[in-house]
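Taken in order, these protein sequences are the chains called Y and L. Residue numbering for the first sequence follows the working numbering, beginning at 714 and increasing consecutively. Residue numbering for the second sequence follows the working numbering, beginning at 714 and increasing consecutively.
Hints in this document: simulated from the structure, not taken from any laboratory. Keep in mind that a hint or two might mislead.
Pairs of lysine-lysine residues, derived as DSSO-like cross-links and limited to a Cα-Cα distance of at most 30 Å, are as follows [what the hints assert, rightly or not]: (1) Y:Lys792 / L:Lys943; (2) L:Lys874 / Y:Lys889; (3) Y:Lys924 / L:Lys874; (4) L:Lys811 / Y:Lys874; (5) L:Lys789 / Y:Lys889; (6) Y:Lys902 / L:Lys849; (7) L:Lys874 / Y:Lys902.
Selected chain Y positions facing chain L (in silico; Cβ < 7 Å) [as the list claims (entries may be wrong)]: (8) Asp774; (9) Leu821; (10) Leu824; (11) Ala893.
From a predicted model like this one, the values you see are computed outputs, not experimental measurements. Every residue gets a Cβ at the ideal spot worked out from N, C-alpha and C, and that includes glycine.
If you want the building blocks of each chain, they are given just below.
2 protein chains.
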Amino acid sequence: MSRIGLIAGSGRFPLYFALAAKQSGSEVVAVAIREETSPELEKHVSQIHWFHVGELQNMIDTFKNAGVNRMVMAGKITKTLIFDKIHPDRRLLEVFKKIPNLNDDILLRQLSEEFISEGIEVCDSTTYLSVLLPEKGILTKRKPSDDEMGEIEYGLTIARKIAEMDIGQAVIVKNKVVLAVEAIEGTDKAILRGGELGQGDVVVVKVARPKQDMRYDIPTIGVDTIGILKQARAKCLAFEAQRTLLLDKEEVTRLADEAGIAIMVI
Amino acid sequence: MSRIGLIAGSGRFPLYFALAAKQSGSEVVAVAIREETSPELEKHVSQIHWFHVGELQNMIDTFKNAGVNRMVMAGKITKTLIFDKIHPDRRLLEVFKKIPNLNDDILLRQLSEEFISEGIEVCDSTTYLSVLLPEKGILTKRKPSDDEMGEIEYGLTIARKIAEMDIGQAVIVKNKVVLAVEAIEGTDKAILRGGELGQGDVVVVKVARPKQDMRYDIPTIGVDTIGILKQARAKCLAFEAQRTLLLDKEEVTRLADEAGIAIMVI
Chain Y
714 MSRIGLIAGS GRFPLYFALA AKQSGSEVVA VAIREETSPE LEKHVSQIHW
764 FHVGELQNMI DTFKNAGVNR MVMAGKITKT LIFDKIHPDR RLLEVFKKIP
814 NLNDDILLRQ LSEEFISEGI EVCDSTTYLS VLLPEKGILT KRKPSDDEMG
864 EIEYGLTIAR KIAEMDIGQA VIVKNKVVLA VEAIEGTDKA ILRGGELGQG
914 DVVVVKVARP KQDMRYDIPT IGVDTIGILK QARAKCLAFE AQRTLLLDKE
964 EVTRLADEAG IAIMVI
Chain L
714 MSRIGLIAGS GRFPLYFALA AKQSGSEVVA VAIREETSPE LEKHVSQIHW
764 FHVGELQNMI DTFKNAGVNR MVMAGKITKT LIFDKIHPDR RLLEVFKKIP
814 NLNDDILLRQ LSEEFISEGI EVCDSTTYLS VLLPEKGILT KRKPSDDEMG
864 EIEYGLTIAR KIAEMDIGQA VIVKNKVVLA VEAIEGTDKA ILRGGELGQG
914 DVVVVKVARP KQDMRYDIPT IGVDTIGILK QARAKCLAFE AQRTLLLDKE
964 EVTRLADEAG IAIMVI
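Could you build the full structure based on these sequences and the hints that come with them?
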């Protein structure tokens with residue numbers, strides 16, 4: 714039986730990965746992050762080892778001891794933890810020294826290098842999940858109106874530039890004004906801020922990075938996203954085809970339809 | 714005695730304008746915004762007329778009745794009011810119809826056109842205030858460290874691109890990561906958010922628009938800015954020479970020195 718390592722961040726993405734890997738006949742050795750990972754993951758993997766977010770060396774050693782030679786990263790690890798009370802171990806401190814800044818791309822790439830240098834290949838996190846990368850099209854019963862299409866196009870232009878600068882992946886617009894730009898606070902908080910500033914009826918556009926590395930930090934849409942959109946009184950969501958993971962598609966679509974939110978995969 | 718109209722937004726900028734105009738021998742006819750203008754302005758102008766933010770026609774008529782043929786706009790008018798409970802009059806609704814979107818630049822330009830079309834010239838809001846546009850240099854006792862200089866340069870690159878897209882004028886950075894980007898929430902809220910996300914020691918960079926029109930919405934730094942920087946535990950502020958109004962320079966510098974904040978005019 715083939716064996717694959719999983720560094721599991723928050724949310725349901727690691728669960729989906731573990732289930733899909735198991736169904737494909739792979740044994741999953743999970744490294745779980747105390748500050749992030751859902752305990753539910755325990756049920757779906759052959760091994761689980763819990764660490765604090767800063768314990769890079771222990772994570773590497775765990776995979777090596779388990780004879781893991783390929784791995785994926787799935788689920789978000791909150792970057793603000795880096796600035797918070799978490800103590801990076803010596804190995805992680807060395808990573809920080811090697812990189813010019815802590816932008817997502819650079820940090821994740823260097824973290825991958827650490828595993829690769831130990832003989833552990835870092836695979837696309839969508840390896841068993843290509844069915845969850847949606848095609849272009851409209852998911853909901855309600856299509857975006859002409860006005861909304863204008864907002865989506867405007868938001869898309871801005872979001873792509875923001876992503877290109879590695880600031881964030883989402884913008885919230887209304888009347889072709891940028892209400893909020895996501896930086897490190899994360900998409901959910903940016904959506905809520907935009908919704909409040911725009912007093913609802915906002916349009917959310919989320920994109921992948923221009924050169925999205927499918928090995929990590931894939932934009933993900935799920936049931937929680939719809940909850941946030943409803944709270945922000947958003948009327949429309951657009952995200953990129955083939956480069957966004959859509960979890961629980963049926964439930965997401967049902968909830969969006971119920972709330973009158975139009976979802977467009979662009 | 715020459716007569717000049719003043720549309721007075723929030724903060725101390727309108728007060729400074731009124732004082733400087735009076736000292737230069739000009740009589741100031743002020744249009745004050747109930748939602749924004751400090752009542753203190755009353756003491757420094759020959760006439761003051763109070764309106765709600767949506768009453769564009771009344772503002773125009775006031776200037777015409779007072780024989781005003783040149784005017785300035787000074788002080789911020791909160792753009793979120795547009796999305797809020799304020800009812801635009803017919804004249805303002807027409808302005809909205811004339812423009813493709815509500816970006817600051819486009820909106821302010823069209824608003825100016827309305828006054829110009831009625832024979833009222835819109836002058837630089839720095840007309841009597843050139844002494845408040847600082848030169849390049851370091852204002853505080855503490856100079857930015859080499860690390861801080863790196864952060865300022867990084868932030869400046871990003872802030873200029875953000876300003877170019879007419880999203881906002883400020884970014885908050887730390888470790889060469891963009892913590893927060895100002896959109897329509899305004900600079901103060903963006904600084905506070907960035908400070909919280911970065912857990913202090915953040916660097917704030919504020920720029921003018923690439924083609925800053927000195928007639929309106931000049932970036933302004935004052936005593937309040939330092940209060941916000943302290944609250945966000947910022948260690949450094951940089952803003953653009955000649956295109957930023959620095960109010961109460963002595964007091965700003967004293968407060969920054971007291972807080973150990975380095976201020977650089979770039």
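> If you check each hint against the structure, which ones fail?
Replying inline: As far as the earlier hints go, 6, 8, 9, 10 are violated by this structure, in ascending order.
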